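When you get a sec, could you build the whole thing from the sequences and use the hints?
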Amino acid sequence: MGVSVQVPEWTTELAPATAARIVELLERAGAADGVAPISEQAVLSVTASGTVESATAPAGPAATDSGSAAPASPETDPAAADHDHGDVEPPTGRTRHLPVERDGELVAYANLVPAHGDHPAMAEAVVDPRARGRGIGATLVAAALQAGGPGARIWAHGNLAPARAVAGRLGLTIARELWQMRRPLTQAPDGDQATVELPELEVPADIVLRTYAGPADDAEILRVNNAAFDWHPEQGGWTEAEIAVRRAAPWFDPKGLFIAADPADPSHILGFHWTKVHEPDETSDAVGEVYVVAIDPAAQGRGLGRVLTLAGLHYLRDRGLGAVILYTEADNTAAVHTYTRLGFETAHIDAAYTAR
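Residue 329 in UniProt numbering sits at position 329 of the sequence shown; the count goes up by one each step and never skips.
Honestly, I wouldn't trust all of these hints.
Label-pair restraints from in silico Cβ distances [unchecked claim]: (1) 297 to 211: 14 to 24 Å; (2) 24 to 333: 38 to 48 Å; (3) 244 to 9: 27 to 37 Å; (4) 164 to 16: 31 to 41 Å; (5) 349 to 106: 23 to 33 Å; (6) 16 to 282: 18 to 28 Å; (7) 284 to 24: 15 to 25 Å; (8) 187 to 282: 19 to 29 Å; (9) 247 to 286: 17 to 27 Å; (10) 24 to 223: 33 to 43 Å.
Worth flagging that the hints you see were computed from the coordinates, not collected in a lab. Predicted, not measured: the structure shown is a model, and the values here were computed from it. Using N, Cα and C, we set each Cβ at its ideal position, and we do this for glycine too.
Below you can see the structure in the form of structure tokens.
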């Protein structure tokens, strides 16, 4: 039997206590489902609004679109990867929150990045495992899509059976798929070590390959990111705040942020590969991530995406990580082909649903 849930008003601010309860809900849902229920950027919007720390740092869909982000032009440089996994909203601070309570208990939460420019609103939602099977999910999804307006989409991370059932009940259709791809680095699951070997890293003479030099690089990283992803609904439109938040994160390692620079002016960045390491937890080992690969459109066609990707893969392997993940748009055939050639295979799929 369904339970009537009073859907409250959306808000752009969360009280610290409410944010902490949302984080706890996310952790319960992630443990129950085996997949992060919302993207990294959505988690950051919760913790930043409520100024709490989160034990949950999902890979991905930066809304995922989390994690690695899509190339500016897959036809010219397909190895500039798709991200995050997780949603980076332009401009910062526009995220809306919808915590849902029943009998004084937080039973669900939705996160909404309103439409901006040509990009539709993007929503994410989670229901506490202890409150499922009561119609709360369908109510929450319908509320999020209505609030998002025409063309609004909502992510189903892992596209699990309950999410597919809700989508079917509401008559939703898949508008976008984000693939998490994975490859072993130090030990092949099937014991075939040939599948682990990485291609040699060959650095062209017309670039300088270096790592992050500090905040002096931030303006160039911002310029390249926004030029490379000016078309991308999540990764485009970064501000200094997006870089600062990630630089302050516990996982940030300047040695894992690779930069291809102009030999004539090493401060001029042609492209970068930002790697990330997800620490082990009770259910999984540590894993590396191709977090963001971005190439300046003016430097496309020189193979920099492949060089930077390989530099990061070698670095993650040398850190002793057993595997690496990345995120790419399912319809980005050039990128999928490149990653397949580098030994990546599809591990799971995030789906963005919309009303027909």
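Outcome of the hint check:
1. Judged by the Cβ atoms, the range 14 to 24 Å given for residue 297 and residue 211 holds: they are separated by roughly 23 Å.
2. Look at residue 24 against residue 333: about 40 Å separates their beta carbons, and that is inside 38 to 48 Å.
3. Take residue 244 and residue 9: their Cβ atoms lie about 30 Å apart, and the range 27 to 37 Å holds.
4. At roughly 35 Å, the beta carbons of residue 164 and residue 16 sit within the given window of 31 to 41 Å.
5. Checked against the hint of 23 to 33 Å, the C-beta distance between residue 349 and residue 106 comes to roughly 28 Å, which is consistent with it.
6. Distance hint for residue 16 and residue 282: a CB-CB separation of about 26 Å, consistent with the stated range 18 to 28 Å.
7. With their beta carbons about 20 Å apart, residue 284 and residue 24 fall inside the hinted range of 15 to 25 Å.
8. At roughly 21 Å, the beta carbons of residue 187 and residue 282 sit within the given window of 19 to 29 Å.
9. The hinted window of 17 to 27 Å between residue 247 and residue 286 holds, with their beta carbons roughly 21 Å apart.
10. For residue 24 paired with residue 223, a C-beta distance near 39 Å keeps the hint of 33 to 43 Å intact.
This entry satisfies every hint, going by the numbered hints stated previously.
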